[in-house]
Amino acid sequence: MNSCPDPLLWQEHIDGEKTATPEMLAHLEHCQSCRAILADLREAASLADGLALEASLPGDLTGRILAAAARKRVVSSGMLAAAIFILLILATLLLDPAVFAWLFTVVLTRRVAWIIDVFLKMLQLRQAFLAPWWWGPALVLAVVSIYLLNKFQPAEE
Amino acid sequence: MRELRGDNRENVLGQMVKEYGDSLFRFMLRNVGDRHLAEDIVQETFLRALLNLHRYDQNRPAGPWLFRIALNLCRSRQKRQRETPVAPPDMDKVSPAAGPENILLEREQERELMQALQALPEMYRVPLLLKHVSGLSYAEISETLNLNLSLVKNRLYRGRIMLRKVYQKVRRENDE
Numbered sequence: 000m001n002s003c004p005d006p007l008l009w010q011e012h013i014d015g016e017k018t019a020t021p022e023m024l025a026h027l028e029h030c031q032s033c034r035a036i037l038a039d040l041r042e043a044a045s046l047a048d049g050l051a052l053e054a055s056l057p058g059d060l061t062g063r064i065l066a067a068a069a070r071k072r073v074v075s076s077g078m079l080a081a082a083i084f085i086l087l088i089l090a091t092l093l094l095d096p097a098v099f100a101w102l103f104t105v106v107l108t109r110r111v112a113w114i115i116d117v118f119l120k121m122l123q124l125r126q127a128f129l130a131p132w133w134w135g136p137a138l139v140l141a142v143v144s145i146y147l148l149n150k151f152q153p154a155e156e
Numbered sequence: 000m001r002e003l004r005g006d007n008r009e010n011v012l013g014q015m016v017k018e019y020g021d022s023l024f025r026f027m028l029r030n031v032g033d034r035h036l037a038e039d040i041v042q043e044t045f046l047r048a049l050l051n052l053h054r055y056d057q058n059r060p061a062g063p064w065l066f067r068i069a070l071n072l073c074r075s076r077q078k079r080q081r082e083t084p085v086a087p088p089d090m091d092k093v094s095p096a097a098g099p100e101n102i103l104l105e106r107e108q109e110r111e112l113m114q115a116l117q118a119l120p121e122m123y124r125v126p127l128l129l130k131h132v133s134g135l136s137y138a139e140i141s142e143t144l145n146l147n148l149s150l151v152k153n154r155l156y157r158g159r160i161m162l163r164k165v166y167q168k169v170r171r172e173n174d175e
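Residue numbers (numbering that gives the first Met the number 0), protein chains in the order written: chain A, 0 to 156; chain B, 0 to 175.
Extracted from the complex, chain A is given alone in its bound form (with noise of 0.2 Å):
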């Protein structure tokens, strides 16, 4: 071997990868500037060498990744529950229309246009409705108005 192998051989050499053909190490023997490049990358090698450490993984990382894996298909059921929950009612509503219609102009509309009126009669009357002591009567009567609309709701809604 008369041209110089590539450094990048020897490196394979020192890493255990492949081992240094005769004809490699025939060629060591009188090149001393191989000699100098083999050396240099034990060098640089057991210097990267430090780099390596005891540590160990603590023991229960088994049984911790289990539970995690077990509350992960938790939180995806509980998800899966949702969707399939979301789904039915959008199915219930593209069956029937009605219902979708019902709940938004007549439960609703109904009850906050009451509470609106309340609102508004109270301004009118010009009562000191933000004195705390008018709230807790308001809402006992906003409860016990939606109960009742709730109770004499007319057959056809």
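Hint data in this document are derived by calculation from the structure and do not stem from the laboratory.
For clarity, every value in this text was computed on a predicted model and none was experimentally measured.
20 Å max Cα-Cα, derived EDC-like pairs, lysine to aspartate or glutamate:
{"no.": "1", "chain 1": "B", "residue 1": "K164", "chain 2": "B", "residue 2": "E175"}
{"no.": "2", "chain 1": "B", "residue 1": "K164", "chain 2": "A", "residue 2": "D39"}
{"no.": "3", "chain 1": "A", "residue 1": "K17", "chain 2": "B", "residue 2": "E139"}
{"no.": "4", "chain 1": "B", "residue 1": "K168", "chain 2": "B", "residue 2": "E111"}
{"no.": "5", "chain 1": "B", "residue 1": "K168", "chain 2": "A", "residue 2": "E42"}
{"no.": "6", "chain 1": "A", "residue 1": "K71", "chain 2": "B", "residue 2": "D39"}
{"no.": "7", "chain 1": "B", "residue 1": "K168", "chain 2": "A", "residue 2": "D39"}
{"no.": "8", "chain 1": "B", "residue 1": "K168", "chain 2": "B", "residue 2": "E109"}
{"no.": "9", "chain 1": "B", "residue 1": "K164", "chain 2": "A", "residue 2": "D48"}
{"no.": "10", "chain 1": "B", "residue 1": "K17", "chain 2": "A", "residue 2": "E53"}
{"no.": "11", "chain 1": "B", "residue 1": "K164", "chain 2": "B", "residue 2": "E109"}
{"no.": "12", "chain 1": "B", "residue 1": "K17", "chain 2": "B", "residue 2": "E38"}
{"no.": "13", "chain 1": "B", "residue 1": "K168", "chain 2": "A", "residue 2": "D48"}
{"no.": "14", "chain 1": "B", "residue 1": "K164", "chain 2": "A", "residue 2": "E42"}
{"no.": "15", "chain 1": "A", "residue 1": "K17", "chain 2": "A", "residue 2": "D48"}
{"no.": "16", "chain 1": "A", "residue 1": "K17", "chain 2": "B", "residue 2": "E142"}
{"no.": "17", "chain 1": "A", "residue 1": "K71", "chain 2": "B", "residue 2": "E38"}
{"no.": "18", "chain 1": "B", "residue 1": "K78", "chain 2": "B", "residue 2": "E38"}
{"no.": "19", "chain 1": "B", "residue 1": "K164", "chain 2": "B", "residue 2": "E111"}
{"no.": "20", "chain 1": "A", "residue 1": "K71", "chain 2": "A", "residue 2": "D59"}
{"no.": "21", "chain 1": "B", "residue 1": "K17", "chain 2": "A", "residue 2": "D59"}
{"no.": "22", "chain 1": "B", "residue 1": "K78", "chain 2": "B", "residue 2": "D39"}
{"no.": "23", "chain 1": "B", "residue 1": "K17", "chain 2": "B", "residue 2": "D39"}
{"no.": "24", "chain 1": "B", "residue 1": "K78", "chain 2": "B", "residue 2": "E121"}
{"no.": "25", "chain 1": "A", "residue 1": "K71", "chain 2": "B", "residue 2": "E9"}
{"no.": "26", "chain 1": "A", "residue 1": "K71", "chain 2": "B", "residue 2": "E43"}
{"no.": "27", "chain 1": "A", "residue 1": "K17", "chain 2": "A", "residue 2": "E28"}
{"no.": "28", "chain 1": "B", "residue 1": "K78", "chain 2": "B", "residue 2": "D33"}
To be clear about the criterion: a stretch of chain A counts as covered by chain B if any three or more of its residues have a C-beta under 8 Å from a C-beta of chain B, and this derived list gives those stretches:
{"no.": "29", "segment": "5 to 12"}
{"no.": "30", "segment": "47 to 61"}
Think of the CB as a built atom: it goes at the ideal place given N, C-alpha and C, for glycine as much as any other residue.
Starting from the structure of chain A, add chain B where the hints point.
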């Protein structure tokens, strides 16, 4: 590819943790420089592996696949945190028989080495760690990083030379 269920999944996971857990942990410890973060990433790696076992070809070694998952996790966490990893002095490496001065010296050298390592670009740092910390072969590094063999050899070569150069610079700076 057959479906893995129940005990079989746990067995495969147990086997993977046994075979690659420590080397993955050491690699991560050096790469992120924080024990808790390293533990967290390794746990998440195995969790993802467990949840994606159906995608893993059991006829091939799991190492490169696991290291790839870990590296991706590590990158996304570092992107989120945007913080440069700094390694604390590591207690595991110091031999118990060493005297106090030797311990100090070893820690100092290790700190300098870690400083030099962190200064390397990721493209050189990761192959170095896979080789010297986790003991992966060229072929395994190539599969992990999805690089061809000659590129792996090249990066290892340059990485080592660069590490030594930066290390010497760090030492000079600390001595001054």
